[in-house]
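First to last, the protein sequences are chains A and B. With the numbering used here applied, the first sequence covers 22 to 592. With the numbering used here applied, the second sequence covers 19 to 204.
If you are wondering where the hints come from, they were derived from the structure by calculation, not from laboratory data. Mixed in with the good hints, there may be bad ones.
Claimed, not checked - Mimicking EDC-like on lysine to aspartate or glutamate, the simulated pairs with C-alpha atoms at most 20 Å apart in a straight line are:
1. Lys87(B) - Asp138(B)
2. Lys306(A) - Glu141(B)
3. Lys272(A) - Asp97(B)
4. Lys181(B) - Glu286(A)
5. Lys306(A) - Asp184(B)
6. Lys102(B) - Glu286(A)
7. Lys306(A) - Asp29(B)
8. Lys181(B) - Glu56(A)
9. Lys181(B) - Glu45(A)
10. Lys306(A) - Asp138(B)
11. Lys181(B) - Asp42(A)
12. Lys272(A) - Asp126(B)
13. Lys186(A) - Asp29(B)
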Amino acid sequence: MYKYDHIDQTLVDQRVIQFRDQVERRLNGTLAEEEFRPLRLQNGLYHQRHAYMLRVAIPYGLLSAKQLRTLAFIADKYDRGYGHFTTRQNIQFNWVELEQTPDILAELAKVEMHAIQTSGNCIRNITSDAFAGVAADEYIDPRPVCELLRQWSTLHPEFAHLPRKFKFAINGAKEDRTVLLCHDVGIELKKNPNINNGELTADIYAGGGMGRTPILGSLIKQGLPWQVLPSYLTALLRVYNRFGRRDNLYKARIKILVKALGPEEFARQVEGEWAHLHSPEKQSKDNFTQLEWERVAKHFTKPAYQKLNAVSNEVVIASAPEPERAAFARWLERNVKPHQVPGYASVILSLKPHGTVAPGDATSAQMNAIADLADQYSFGELRVTHEQNLVLADVEQSQLLNLWRAAKNNNLALPNIGLLTDIIACPGGDFCSLANAKSLPIAKAIQERFDDLDYLFDLGDISLNISGCINSCGHHHVGNIGVLGVDKDGEEWYQITLGGEQGNDASIGKVIGPSFYANEIPDVMTSLINTYVEQRTGDEPFIETYRRLGVTPFKEAAYKNNGKHSKGALA
Amino acid sequence: MNKQIIYFPKDGKPTVVANEWQVWDGERDEGGIPDLEHGLHKVLVPFHWWRMHNPAHHQNADVLDKAGKGEIGVWFAADDDILKHAEIIEEGKNLWPVVGAHFPIFRDGRSFSTAALLRDRFEWQGEVRAIGDVLIDQLLQGARVGFDAFELRPDQSIDIGLKQFDLYSVATQNCWRDTRSTQAVA
């Protein structure tokens with residue numbers, strides 16, 4: 022993975038000094054809270070319901086074992102012994118003290134980490150495919166471009182106070198695992214022998230997003246040579262910075278501008294601006310050079326893989342003794358993914374054990390254990406997925422059984438990846454001061470209701486995403502089943518959406534009707550799932566059945582015994 | 019108005035200098051330049067006002083006289099689309115020693131793009147001054163995108179402000195003032 026050079030290191034060290042000074046000015050009263058707020062947010066520091074929360078960037082999801090041990094250390098020393106991995110490849114510490122945040126950042130800087138631009142109205146932490154560089158379906162390793170753009174966007178002076186937050190996602194695989202179209206800018210990397218001398222190009226999608234107005238991004242540029250990404254993105258962000266709405270917080274995202282102008286007109290304005298930035302005499306200055314590519318790309322070479330033969334799944338399964346075989350096979354089916362290199366596989370460690378902690382939470386003990394597993398089985402590296410799980414990307418197939426046993430001992434081996442209980446959820450009203458309703462008790466109640474693995478396996482792929490408010494941090498809009506917490510007269514209610522999907526057939530879910538009270542949600546889920554089970558044909562997954570039948574049978578089932586508005590919290 | 023400004027020329031050092039330019043907000047417009055504070059002769063007028071009273075079109079003697087002496091500049095509001103008025107700005111290169119770009123509130127970053135466009139597109143060589151809700155934690159970004167003078171909001175500490183400019187010895191993108199840091203060749 023990428024190693025900081027002295028420029029990167031100096032920058033994060035000096036960022037700590039700058040932030041320490043800002044915190045001191047806040048504490049001695051010379052900096053008002055109102056004016057400190059955007060400054061702390063640009064360094065990932067929120068003020069939540071009970072305490073400050075620090076969001077630390079894990080750029081494009083890549084993490085070393087050493088870094089994870091530092092995160093565990095921070096969880097123990099400065100927080101309450103755990104961290105929460107988010108849908109955007111960050112980790113959050115929920116219980117930090119303002120006075121201690123500069124020290125935490127100094128600890129992070131020692132292992133080449135930071136919290137720069139993990140919040141605020143600026144270019145946020147850039148996300149990508151958790152399986153970058155190893156996925157069997159990848160055609161371009163996106164990591165060098167991710168890193169180049171991470172550097173380009175870090176402390177970018179012109180775009181420090183945009184109308185609203187700005188999120189990039191970058192994909193280079195056949196299957197989209199980045200929710201590309203739900204980002205302010207989605208960059209799809211390609212190689213076409215007829216464009217840019219067969220070198221890397223980018224297709225640019227703009228104006229996607231979730232929140233109050235979920236919209237899928239529109240293709241505004243095709244075949245952009247990778248070298249000119251900085252000038253093109255400067256043009257795009259400049260148009261947004263100048264003309265994005267600033268009169269209404271809820272209409273300030275780029276999606277509203279793109280929608281208001283129309284994608285063609287927005288693309289035309291960007292093109293017009295870019296024509297000035299990208300004149301022949303200027304391009305050598307602003308754009309990426311081959312030298313820079315090499316400086317960055319050399320860190321993303323393949324690790325020292327053994328020359329191995331690919332092993333069939335049957336042989337891997339047969340390596341387990343009879344009493345363990347069925348459980349091991351299940352784990353292989355759900356939690357192990359194909360790899361580019363023969364004899365290797367990628368393993369997803371589930372951070373979604375049923376009914377215990379918040380989806381995406383890991384204790385410091387688990388973080389240390391996972392770091393050890395990464396060292397032992399996967400070249401000391403791991404990745405964070407959009408679904409809030411962790412990945413050991415480079416595991417020898419012959420080691421899968423040992424790894425599974427070790428993961429089981431740390432409660433990390435539940436074979437529920439992609440199943441109903443692999444729930445994406447935001448921290449919700451238990452922590453977040455923006456939330457209208459709690460997310461975590463809903464996730465827990467659903468996991469407890471659907472605790473039977475045989476049944477979950479029979480149901481197959483279903484995504485269930487829960488957000489505690491319309492900001493949609495739990496990505497409910499793209500869940501096959503989405504749950505959104507809403508506030509009605511000071512009470513917590515939950516709205517259900519159906520038909521959302523991430524990936525290449527991304528779609529936004531539709532609201533089925535009036536919201537439900539918390540204690541009705543498990544029964545509503547049962548009704549929806551029963552409807553699917555009754556109506557499906559063959560191995561049709563949930564989303565296909567929904568697309569074939571439409572909302573009506575699901576809606577009727579959901580409201581048959583529920584939605585009577587019998588108030589009640591979860592037991 | 020702040021009696022002092024921070025002046026930080028490109029290739030120079032940031033220093034504190036007396037503020038010679040009064041910013042007129044355009045209120046109580048009687049068709050000419052308003053009375054300035056005692057001892058001041060130079061004024062930044064709203065760009066939209068200049069467009070209405072453009073001396074090339076309105077033979078306003080007072081304005082012509084002041085412009086001739088180099089005592090008039092304009093300031094751009096955050097929502098002024100300067101690219102729409104490129105001709106006026108091109109003419110202004112010979113008329114305005116100073117232009118301002120206004121921050122209605124510190125977290126409104128439109129004037130960063132205005133400054134970048136003035137330097138990059140118009141190749142503006144004169145002073146570009148940050149005015150309005152200018153706080154010390156915006157100085158660094160402002161200095162990088164194209165501002166070389168800052169009239170801080172009066173409650174801001176000019177001494178702490180002066181310390182902001184050398185917080186970073188590296189940068190990872192090009193800007194008006196400097197180019198991105200590159201590895202020393204071994």
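Query - Straight-line alpha-carbon gap Lys102(B) to Glu286(A), limit 20 Å - result: 17 Å, holds
Query - Holds or violated: Lys186(A) to Asp29(B), with C-alpha atoms at most 20 Å apart - result: 33 Å, violated
Query - Restraint check for Lys272(A) with Asp97(B), where alpha carbons must lie at most 20 Å apart - result: With Cα atoms ~17 Å apart, Lys272(A) and Asp97(B) stay inside 20 Å; holds.
**Report entry** Given pair status - Asp126(B), Lys272(A), alpha carbons within 20 Å
**Finding:** 15 Å, holds
Query raised in the report: Hey, Lys181(B) versus Glu286(A), does the alpha-carbon distance stay inside 20 Å?
Result: 43 Å, violated
Report task. Compare the distance between the alpha carbons of Lys87(B) and Asp138(B) with 20 Å, and conclude whether the hinted pair is satisfied. Result -> 27 Å, violated
Report task. Measure nothing beyond the straight line between the CA atoms of Lys306(A) and Asp29(B); if it is 20 Å or shorter, mark the hint as holding. Result -> Satisfied, since the Cα-Cα distance of roughly 19 Å is no more than 20 Å.
Report task. With a cut-off of 20 Å on the C-alpha distance, tell me whether Lys181(B) and Glu45(A) pass. Result -> Given that 20 Å is the threshold and the Cα spacing comes to 15 Å, the pair holds.
Query raised in the report: Lys181(B) and Asp42(A): Cα distance at most 20 Å?
Result: It holds: about 11 Å lies between the C-alpha atoms, which stays within 20 Å.
Query raised in the report: Are the Cα atoms of Lys181(B) and Glu56(A) separated by 20 Å or less?
Result: Roughly 18 Å between the alpha carbons, so the hint for Lys181(B) and Glu56(A) holds.
**Report entry** Distance restraint between Lys306(A) and Asp184(B), which requires alpha-carbon spacing of 20 Å or less
**Finding:** Cα-Cα ~23 Å, so violated.
Report task. Given the hint that Lys306(A) pairs with Glu141(B), test it: the Cα-Cα distance must not exceed 20 Å. Result -> 16 Å, holds
Violated hints for the displayed structure, listed by number in ascending order: 1, 4, 5, 13.
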